[in-house]
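K.L.:
Line order of the protein sequences matches chains A and B.
Going by the numbering used here, 16 is the number at position 16 of the first sequence; the sequence numbering is gapless.
Going by the numbering used here, 189 is the number at position 51 of the second sequence; the sequence numbering is gapless.
Worth flagging that the hints you see were computed from the coordinates, not collected in a lab.
Bear in mind that the values here come from a model prediction, so they are computed numbers and not experimental data.
Even glycine gets a Cβ: it sits at the ideal position worked out from N, Cα and C.
Mixed in with the good hints there might be a few duds.
Capping the alpha-carbon separation at 27 angstroms, the derived lysine-lysine pairs in DSS-like fashion look like this [stated by the list, open to error]:
hint : chain 1 : residue 1 : chain 2 : residue 2
1    : A       : Lys37     : A       : Lys137
2    : B       : Lys166    : A       : Lys37
3    : A       : Lys136    : A       : Lys37
4    : A       : Lys16     : B       : Lys165
5    : A       : Lys136    : B       : Lys165
6    : B       : Lys165    : A       : Lys137
7    : A       : Lys136    : A       : Lys16
8    : B       : Lys166    : A       : Lys16
Which residues of chain A face chain B? A few of them, derived with a C-beta cut under 7 angstroms, are [what the hints assert, rightly or not]:
hint : residue
9    : Arg40
10   : Leu43
11   : Ser47
12   : Met57
13   : Met58
14   : Val103
15   : Val107
16   : Asp109
17   : Leu121
18   : Leu124
19   : Tyr130
What follows is each chain in one-letter form.
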Amino acid sequence: MANAVAVAEAPVSPGKWLPAVALAWFVPGGGHFLLRKHGRGGLIALSVGVLFLLGIMMRGPMFHPQTGDLLTTIIYCGGFIADLANGVLYFLATWLGYAQPDVAGHVHDYGSKFLVAAGLLNILAMVDAYEIATGKKD
Amino acid sequence: MRLTLTHFEAALVFSLFASVVLGIVTKKTDRERLRYGARCFAYFVGSLFVVGWLMYLGHG
Numbered sequence: 001m002a003n004a005v006a007v008a009e010a011p012v013s014p015g016k017w018l019p020a021v022a023l024a025w026f027v028p029g030g031g032h033f034l035l036r037k038h039g040r041g042g043l044i045a046l047s048v049g050v051l052f053l054l055g056i057m058m059r060g061p062m063f064h065p066q067t068g069d070l071l072t073t074i075i076y077c078g079g080f081i082a083d084l085a086n087g088v089l090y091f092l093a094t095w096l097g098y099a100q101p102d103v104a105g106h107v108h109d110y111g112s113k114f115l116v117a118a119g120l121l122n123i124l125a126m127v128d129a130y131e132i133a134t135g136k137k138d
Numbered sequence: 139m140r141l142t143l144t145h146f147e148a149a150l151v152f153s154l155f156a157s158v159v160l161g162i163v164t165k166k167t168d169r170e171r172l173r174y175g176a177r178c179f180a181y182f183v184g185s186l187f188v189v190g191w192l193m194y195l196g197h198g
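Bound conformation, chain A alone:
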């Protein structure tokens, strides 16, 4: 039997990855810029920014945390977290008074999904920034 030696990965200090992940959340693509991955950072900023902007232009409503049955909690709290994941774009929009009510119509519905999708893509970018910062990825 071969000697299987489990090599435990040394924990990476938060000081190494936290600034990149925090910046990646607050400014889409910012984490990659901090890590000197300018091309990738630019593409992430463009993708998240354009999706968010289109969502706003389609008058998509933002999610607000709401509890009740399980499905309601998952949809509204999950949607709120995804909206919040847009970082400065979300704060800027709400600070400037964007408060679209939830009305019927496929355009509003797509707008809402675009806002959520932009946040979810930014979460993927945050994970990528973490992996780059900790050396798991180039």
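Here the structure of chain A is known, so what remains is to put chain B in place on it, guided by the hints.
P.N.:
Okay, now just chain B, sitting in the frame of chain A:
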């Protein structure tokens, strides 16, 4: 300014930007990223047509 997109246009825009980010975060070299992003986009668009036809035929 208000924007109105059709179902198809909205799905295409979503597919494009989702594919870009998926390509960036999943693969390790630029060539792999480009190929994976293009493949994701093709899958998105292909699924769009398949599901569209299924819904059309399902409605009778």
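K.L.:
Hint by hint, say whether it matches the structure.
P.N.:
Comparing the hints with the structure gives:
1. This hinted pair checks out: A:Lys37 and A:Lys137 have alpha carbons roughly 12 angstroms apart, not beyond 27 angstroms.
2. Simply put, B:Lys166 and A:Lys37 have alpha-carbon atoms about 12 angstroms apart, close enough for the 27 angstroms limit, and the pair holds.
3. Our distance criterion of 27 angstroms between C-alpha atoms is met by A:Lys136 and A:Lys37, whose separation comes to about 15 angstroms.
4. For the given pair, A:Lys16 sits about 22 angstroms from B:Lys165 by alpha-carbon distance, which is consistent with the 27 angstroms threshold.
5. For the given pair, A:Lys136 sits about 12 angstroms from B:Lys165 by alpha-carbon distance, which is consistent with the 27 angstroms threshold.
6. As the CA atoms of B:Lys165 and A:Lys137 are separated by approximately 9 angstroms, the hinted pair is consistent with the 27 angstroms bound.
7. About 13 angstroms separates the Cα atoms of A:Lys136 and A:Lys16, which keeps this hinted pair within 27 angstroms; it holds.
8. Annotation: proposed proximity of B:Lys166 to A:Lys16 holds, straight-line Cα distance about 21 angstroms (limit 27 angstroms).
9. Restraint check, A:Arg40 versus chain B: the minimum CB separation of about 5 angstroms is within 7 angstroms; hint holds.
10. Here the hint on A:Leu43 is kept, as its CB sits about 6 angstroms from the closest CB of chain B, short of 7 angstroms.
11. Interface restraint check: A:Ser47 against chain B, minimum CB-CB distance 4 angstroms, threshold 7 angstroms, status holds.
12. Because the closest C-beta pair between A:Met57 and chain B is about 4 angstroms apart, less than 7 angstroms, the hint holds.
13. With 7 angstroms as the threshold, the beta carbon of A:Met58 comes within range of chain B, its nearest partner Cβ sitting at about 5 angstroms, so the hint holds.
14. This hint is violated: A:Val103 has a C-beta 13 angstroms from the nearest C-beta of chain B, more than the 7 angstroms allowed.
15. Because the closest C-beta pair between A:Val107 and chain B is about 5 angstroms apart, less than 7 angstroms, the hint holds.
16. Interface hint at A:Asp109: violated, since its Cβ lies 9 angstroms from the closest Cβ of chain B, which is beyond the 7 angstroms cut-off.
17. Because the closest C-beta pair between A:Leu121 and chain B is about 4 angstroms apart, less than 7 angstroms, the hint holds.
18. Below 7 angstroms, beta-carbon pairs count as interface contacts, and A:Leu124 has one with chain B at about 5 angstroms; its hint therefore holds.
19. Checking A:Tyr130 against chain B by beta carbon gives a least distance of about 11 angstroms; that is not within 7 angstroms, so the hint is violated.
Going down the numbered hints, you'll see the structure goes against 14, 16 and 19, while the others check out.
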